[in-house]
Amino acid sequence: MGNLFKIAIRNLLRYKRRTLLTASLITVGVVFVLAFVSISGSFKNMMIGQITDSMLGHLQVHRKGFVASIETLPLNLNLKNGAIDRLEKILDAQPEIEAYSPRVKFGGMFSNFTETSSIRLTAIVPEREFKTVPLLPGRVTEGSKDLKPGGILIPELLARGMKVKPGDAAVIVATNADGSVNGKQFIVTGVMESATGPGGRDGYIHLDDARELLRMEGRQVSEYAVRLKDFGKLAAFGEKLDGLLARESNQQGKPIFELHIWEKLSPFFNIARMIDVMTFFIRLMLIAIVLISIMNVMIMAVYERIREIGTIAAIGTLPGKILNMFVIEGFCMGVVGALIGDLVGIALVYILNALELTYNFGQQQGLILQAGVSPADVLMISATVIVVSVIASLQPAFKASRMEPIQALRHT
Amino acid sequence: MALISAKQITKTYRVGEVDIQALRGVSFEIEPASFVSFIGPSGSGKTTLLNLIGCLDKPTEGTLTVADTDVAALDRRASAEFRGKNIGFIFQDFNLLPVLTVYENIEYPLLMVQKVAPVERQKRVTALLAAVGMADQRDKKPDQISGGQKQRVAVARALVTNPKLVLADEPTANLDHDTAYMVLNLMKKMRDEFNTTFIFSTHDPKIVGEAETIFTLEDGKLNEDKGKGGNGHGKSL
Chain A
1 MGNLFKIAIR NLLRYKRRTL LTASLITVGV VFVLAFVSIS GSFKNMMIGQ
51 ITDSMLGHLQ VHRKGFVASI ETLPLNLNLK NGAIDRLEKI LDAQPEIEAY
101 SPRVKFGGMF SNFTETSSIR LTAIVPEREF KTVPLLPGRV TEGSKDLKPG
151 GILIPELLAR GMKVKPGDAA VIVATNADGS VNGKQFIVTG VMESATGPGG
201 RDGYIHLDDA RELLRMEGRQ VSEYAVRLKD FGKLAAFGEK LDGLLARESN
251 QQGKPIFELH IWEKLSPFFN IARMIDVMTF FIRLMLIAIV LISIMNVMIM
301 AVYERIREIG TIAAIGTLPG KILNMFVIEG FCMGVVGALI GDLVGIALVY
351 ILNALELTYN FGQQQGLILQ AGVSPADVLM ISATVIVVSV IASLQPAFKA
401 SRMEPIQALR HT
Chain B
1001 MALISAKQIT KTYRVGEVDI QALRGVSFEI EPASFVSFIG PSGSGKTTLL
1051 NLIGCLDKPT EGTLTVADTD VAALDRRASA EFRGKNIGFI FQDFNLLPVL
1101 TVYENIEYPL LMVQKVAPVE RQKRVTALLA AVGMADQRDK KPDQISGGQK
1151 QRVAVARALV TNPKLVLADE PTANLDHDTA YMVLNLMKKM RDEFNTTFIF
1201 STHDPKIVGE AETIFTLEDG KLNEDKGKGG NGHGKSL
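Chains as they are written, first to last, in our numbering: chain A, 1 to 412; chain B, 1001 to 1237.
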């Protein structure tokens, strides 16, 4: 095999300019794909991080049927005492979980005593919420990030539209599960930007205040947001937890809980998928570049060496060995193109990071691009290039191996 | 026992709508260690006959036995294996592999065809390099040596596997007078040393003069003469 490589490499070096051009083309393709994967991956990870770490959590658990009715934030679908105990027992037993946070979600009216507007409220235990969604305090743009009972974090939309600032008093009026209306006065603790762009109407109050405002009897929770120690294990853990929760049923034998990972709860998952689709097509382009360039070179190589093929076939070289000889040439070109492309691509990623390029996402301004490419991506792209190079060489190599020695020797 | 036995061989090529009969019922036998020349005008069937003996082509009719093997019955792979084991080739244009050195060109059949162990390989290649007088040129590429030197390398490559038979198609056509004689003498020496049968297809009177048996082909039919060597290691039937 080593001799086949020696002959293949010498044949490649025999046509230096052509080999260099083809390897360069592959290199450019690999660099382009690595740059795209690193930038789009960085944007995607940032976006997912923003969504999960400042709002949703990695996954959420609700009472069965809650998510289907989430637009109305139904209080009658809250989890209650027994279910809460059962769920927390399961969650506490999972070593993969870093933190989880109980929430009560409801809709209400926000009044500054002169104007009134609708608001969606999430009632939280701040210490637990901030552990579960650690970027949440970072969304507070004015006032205090610390939420105590009696305080409210209001969205920028309401603060601007109703000219409310931290320290102002405001009233929340909400309908409880029985349909009766209650109100409670709050002090605006802070103003926060929306995680998903302008137009967000989400505010935060303390869970104790929600109990009082909604006149809850006993403990009630609309959802549990869960944060994992390793986001990469989300899918596997989601399946595991789903299995555990499926065993918990009510007196009618129907499941109590439903689990949703962040992808099922956010429209931003579609953007993430679009990025994946774009990345897929960029990879397809790379495959096309490698396929066409290698095939072209190998067809030319076979054509130019017909007499040599006839000679080695005549002196007894088996067809399989002739096939290997040409396939190895394609393989070597793929390896060289991929290796140089990897090195240049990784260098480019370092340069992009060193330049500290900034971009905006939603309300977030001046986010620094943190391009990154994983070893798995580098390996996958390199392996793709090498495998496609081999595939592209197969047809010309097969043709070479099937040549009749007499006809090949007669070729001029 | 004859090394090569041909009985009533015909070879017909189809060119467009026309059948061209290159060989018409050719029969002959060639003994081991012969120095045989097939001569005849262009189109007489010399190269066709060499191709058949060399298992590069198959007869349309008749039987052809080389080294006790019915070569017409061999498939593509078996033919290649048979050639690699039993036959050496010397081409008019030398056909050395340009990316390999002189040493590597000679070594190629041992390495890529016969898988001979490194020590034995080195021994055989070095011996043949010395025998053909190319030891001092061993690291040169074919484009760095003369035509005569190339043909000496080609002779060494053909002999390195210790074949029973070497087929040479117009081996001196591209060589000057002195070089052609030198290559011919080399081949005779090799025949004497290794007991290898040499078969030529040629127009070259130098080769014809040196051959022990001469077969003349005309219009695909065969006549036999005794050559200079005169001991008649072949005969037409």
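No lab work stands behind these hints, which were simulated from the structure alone. If you're wondering where the values come from, they're calculated on a predicted model, not measured in any experiment. Hints are supplied without guarantee of correctness; some may be wrong.
Simulated crosslink set (DSSO-like; lysine-lysine; CA at most 27 Å straight-line) [to be verified]:
1. K6/A - K1115/B
2. K1206/B - K1123/B
3. K1188/B - K6/A
4. K64/A - K1140/B
5. K16/A - K254/A
6. K1188/B - K399/A
7. K1140/B - K321/A
8. K321/A - K1188/B
What's the verdict on K1188/B and K399/A, does the C-alpha distance respect the 27 Å limit or exceed it? Cα-Cα ~38 Å, so violated.
For the pair supplied as a hint, K64/A and K1140/B, is the alpha-carbon distance within the 27 Å limit? 82 Å, violated
Checking one constraint from the list: CA of K1206/B to CA of K1123/B, max 27 Å. Satisfied? Not OK: K1206/B and K1123/B at ~32 Å, beyond 27 Å, violated.
Assess, step by step, whether the Cα of K6/A is no farther than 27 Å from the Cα of K1115/B, and give holds or violated. Distance of about 16 Å is within 27 Å: holds.
Under the criterion that the straight-line Cα-Cα distance not exceed 27 Å, is the pair K16/A, K254/A satisfied? Between K16/A and K254/A the Cα gap is close to 71 Å, so the pair fails against 27 Å, i.e. violated.
Pairwise hint evaluation, K321/A against K1140/B, where the allowed Cα distance is 27 Å at most: 25 Å, holds
K1188/B paired with K6/A [C-alpha distance capped at 27 Å]: 34 Å, violated
Quick one, are K321/A and K1188/B close enough, alpha carbons at most 27 Å? 33 Å, violated
In the structure shown, a violation is registered for the earlier hints numbered 2, 3, 4, 5, 6, 8, in ascending order.
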